[in-house]
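Enquirer: Generate the whole structure from the sequences, applying the supplied hints.
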Amino acid sequence: MSEQGAIAHLAYDGMIVTYFFLGGVSVGAYLFSVAASYWKQEFKPLAKKSAALSFIAIVIGMLILLYDLGQPSRAWRLFLTFNPHSLLSWGVWFVNAFMFFNFIYNALLFTGREANAKTIAYAGLPFALLTATYT
8 MSEQGAIAHL AYDGMIVTYF FLGGVSVGAY LFSVAASYWK QEFKPLAKKS
58 AALSFIAIVI GMLILLYDLG QPSRAWRLFL TFNPHSLLSW GVWFVNAFMF
108 FNFIYNALLF TGREANAKTI AYAGLPFALL TATYT
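Position one of the sequence shown corresponds to residue 8 (our numbering), numbered consecutively onward.
When the alpha-carbon atoms are kept at most 27 Å apart in a straight line, the in silico DSSO-like pairs for lysine-lysine are as follows:
1. Lys56 with Lys125
2. Lys55 with Lys125
3. Lys125 with Lys51
Computed beta-carbon distance windows for the label pairs:
4. Ala42 with Ala114: 18 to 24 Å
5. Ser80 with Phe110: 18 to 24 Å
6. Trp46 with Arg84: 38 to 44 Å
7. Leu94 with Glu49: 34 to 40 Å
8. Glu49 with Gln78: 43 to 49 Å
9. Asn90 with Lys55: 36 to 42 Å
10. Gly31 with Phe107: 15 to 21 Å
11. Phe117 with His92: 38 to 44 Å
12. Arg84 with Val24: 21 to 27 Å
13. Phe50 with Gly119: 16 to 22 Å
14. Gly119 with Met22: 36 to 42 Å
15. Tyr74 with Gln48: 37 to 43 Å
Keep in mind that the hints were calculated from the coordinates and are not lab data.
Yeah, the Cβ is synthetic: ideal placement off N, Cα and C, and Gly gets one too.
Expert: Set out below in structure tokens:
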């Protein structure tokens, strides 16, 4: 098989690779934001910016994934048909739970409720790590 022929046999196209990349960017920015907010005070000025980047990256990644699905109107079925033997099923729940905690964390952080944001940030950490593992 020639090198050019290998491209026709790729398992994932560029859209899925972009989704995986944005998932990684999102998790990395989230982890940095939590660390900057609560562990490394010298980076605190970057905490809100990295939190916003995290949420924007995961939303764009999910929109790309919905577009790649072909029929986005069927995406809701992924929540009704959980298959414990399917990595895709687990991934749907991991990424959406991470996106939920990410949204709440951003909302609390940007409205100045630091104490509540810290609780949500810590609650979201396992889902961030699961999302990183999945993507």
